[in-house]
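Participant: Could you slot chain C onto chain U? The hints should help.
Protein chains in written order, with my numbering: chain U, 1 to 343; chain C, 1001 to 1107.
For the record, the hints were derived by calculation from the structure and aren't laboratory data.
Honestly, I wouldn't trust all of these hints.
Under the rule of at most 16 Å between Cα atoms (straight-line distance), these lysine to aspartate or glutamate pairs were calculated in the EDC-like manner [said to hold, decoys possible]:
(1) U:Lys210 to U:Glu242
(2) U:Lys179 to U:Asp207
(3) C:Lys1002 to C:Glu1019
(4) U:Lys53 to C:Asp1065
(5) U:Lys338 to U:Asp30
(6) U:Lys201 to U:Glu227
(7) U:Lys236 to C:Glu1077
(8) U:Lys299 to C:Asp1029
(9) U:Lys297 to U:Glu276
(10) U:Lys104 to U:Glu4
(11) U:Lys149 to U:Asp137
(12) U:Lys208 to U:Asp169
(13) U:Lys237 to C:Glu1077
(14) U:Lys53 to C:Glu1066
(15) U:Lys255 to U:Glu88
(16) U:Lys179 to U:Asp165
(17) U:Lys53 to C:Glu1064
(18) C:Lys1002 to C:Asp1029
Taking beta-carbon pairs under 8 Å as the criterion, some of the chain C residues facing chain U (in silico) [unchecked claim]:
(19) Ala1008
(20) Ala1043
(21) Cys1044
(22) Glu1066
(23) Asp1068
Distance windows between CB atoms, simulated [as the list claims (entries may be wrong)]:
(24) U:Gly155 to C:Asp1029: 47 to 57 Å
(25) C:Ala1008 to U:Ala260: 19 to 29 Å
(26) C:Gly1010 to U:Asp235: 25 to 35 Å
(27) C:Thr1088 to U:Pro321: 53 to 63 Å
(28) U:Lys297 to C:Gly1010: 26 to 36 Å
(29) U:Gly228 to C:Arg1063: 30 to 40 Å
All C-beta atoms, glycine included, are put in the ideal place defined by N, C-alpha and C.
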Amino acid sequence: MAEETITTDVVVIGAGPVGLFAVFELGLLDMKVHLIDILDRPGGQCAELYPEKPIYDIPGLPLVTGQDLTDRLMEQAAPFNPQFHFNEQVEEVEKQPDGSWLVKTDGGLTFNAKVIVIAAGGGSFQPKRPPIPGIEDYEGKSVFYAVKKMENFRGKKVLISGGGDSALDWTINLQPIVKSMALIHRRDGFRAAPASVNEMKKLAAEDKLKFLLGQVTKLHGANGQLEGVTIQDNDKKEFELEVDTLLPFFGLTMKLGPIANWGLNLHENLIPVDVEKFETSTPGIFAVGDINTYPGKLKLILSGFHEVALMAQQAFRYVHPDAKLTFQYTTSSTSLQKKLGVN
Amino acid sequence: MKINLIGADGTEQQLDAVEGWRVMEIIRDHGFPIIAECGGACACGTCQVEVDPTWQAKLHQPREDELDMLDQNYANEWSRLSCQLIFTPELDGLRLRISEVALADAA
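One chain only, chain U, in its complex shape:
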């Protein structure tokens, strides 16, 4: 507990479009926000899943890409000086005697907030686990979904599985320090930078690594230590490969994650809320955007925008219980304009 507790009005979990707009709506009502996201940048699904894909149903923006929308929401939130904490997952929330919340992340950050807003979309992004029987037993010991320290792989017999940039980059970057390197992919086509593909093929031609077509179907080893794998090639023939490390790179999937343990009512991995305040079964904890559910819910970004505006009204009552809340428009209110830095 060396880290100091960060005190704030509101912790928003998830820096996707709805979490970012929550900063704006909360900011207009004088609430300071810290955002926490498991990804390394803002935008959530918009930035992670479809940065280049056009979105056509944002009011006033006939066509906007996921990345552009993210950039514009960041710009809109900027006057309120939101504080971002990326690469962090909220593990625990704990009610304090004074009614506030303690929020703890897996990276050791602790926040004290009067209100929690869950804007976590489909949940947290986690690496996709290939459907190989028993793979769980090896995870963290000889099967890894990320390379945190290259040095850990020095002298290892490594098999990398996948056909994207992560798979290609790590094949090339780890090759000089490992004992043996093999890359397996289901087809001879990649969604990676052509230069990386060429480099990998060059190394394969020089016998510095093996490139295999097929899929890993079985793992062999004991006590979490991999000793080899069975590979099925595209002609359905099986063969064995001696490896002590497997790195599967199949992108990210979304899981509800630790939110399931916070004592909130859940319905099919969604969080039921009321439709006036978008508050959960626990007062002081709100859920907005794709992660909530209520009668008639539509998983649209614009629905999330509406939800945060109403949420902020109730959040204000927790954060500033003695203050009077007057409803104002940004077009006419000089005090709102001052907050936005335009007056």
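Facilitator: For chain C alone, coordinates are given in the frame of chain U:
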């Protein structure tokens, strides 16, 4: 028009299919566990199905972005993303199962 959906236990169910709908939407509309997180943008891979070999020839070839997503989702040779299959009368009777990977995503 129908889609024949093979369940995990091997039993088949007939789903009413609508021309012009994505196969993903038809499956989801019937309440089966398929997440389709990205809503059909060919961006998440959570709607993977395995199409009966005898029906493969009736399907259009996957585009590059579908192949990319299949790569990331441990696809096999019968795998397709159901969001990329638009239902047409020629597909009446289409036989498929939700892939294990997609079922695991939805669990």
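Participant: Go ahead and decide if the range 25 to 35 Å is satisfied by the Cβ distance of Gly1010 (chain C) to Asp235 (chain U).
Facilitator: holds, 27 Å
Participant: Is Lys297 (chain U) within 16 Å of Glu276 (chain U), Cα to Cα?
Facilitator: OK: Lys297 (chain U) and Glu276 (chain U) at ~13 Å, within 16 Å.
Participant: Within 19 to 29 Å or not, the Cβ separation of Ala1008 (chain C) and Ala260 (chain U)?
Facilitator: Hint holds: Cβ distance 23 Å, inside 19 to 29 Å.
Participant: Could you grab the alpha-carbon distance between Lys53 (chain U) and Glu1064 (chain C) and see if it respects the 16 Å cut-off?
Facilitator: The given pair, whose Cα atoms are some 15 Å apart, holds under the 16 Å limit.
Participant: Does Glu1077 (chain C) lie within 16 Å of Lys237 (chain U) when you go C-alpha to C-alpha?
Facilitator: Cα-Cα ~14 Å, so holds.
Participant: Just to be sure I understand the hint, the distance between the Cβ atoms of Gly228 (chain U) and Arg1063 (chain C) should be within 30 to 40 Å; is that true here?
Facilitator: holds, 36 Å
Participant: Does the structure keep Lys179 (chain U) and Asp207 (chain U) at a Cα separation of 16 Å or less?
Facilitator: The given pair, whose Cα atoms are some 13 Å apart, holds under the 16 Å limit.
Participant: Does Asp1068 (chain C) hold up as a contact with chain U if the rule is Cβ-Cβ below 8 Å?
Facilitator: holds, 4 Å
Participant: Sort out whether Glu4 (chain U) lies within 16 Å of Lys104 (chain U), counting only the CA atoms.
Facilitator: Holds, because 12 Å separates the two Cα atoms, which is no more than 16 Å.
Participant: Against the 16 Å threshold, does the CA-CA distance of Lys1002 (chain C) and Asp1029 (chain C) hold or violate the hint?
Facilitator: holds, 13 Å
Participant: Could you see if the CB distance from Thr1088 (chain C) to Pro321 (chain U) stays within 53 to 63 Å?
Facilitator: holds, 59 Å
Participant: Hint Ala1008 (chain C) vs chain U: min CB-CB distance below 8 Å?
Facilitator: violated, 13 Å
Comparing the model with each earlier hint shows violations of hints 6, 11, 16, 19, 22; every other hint is respected.
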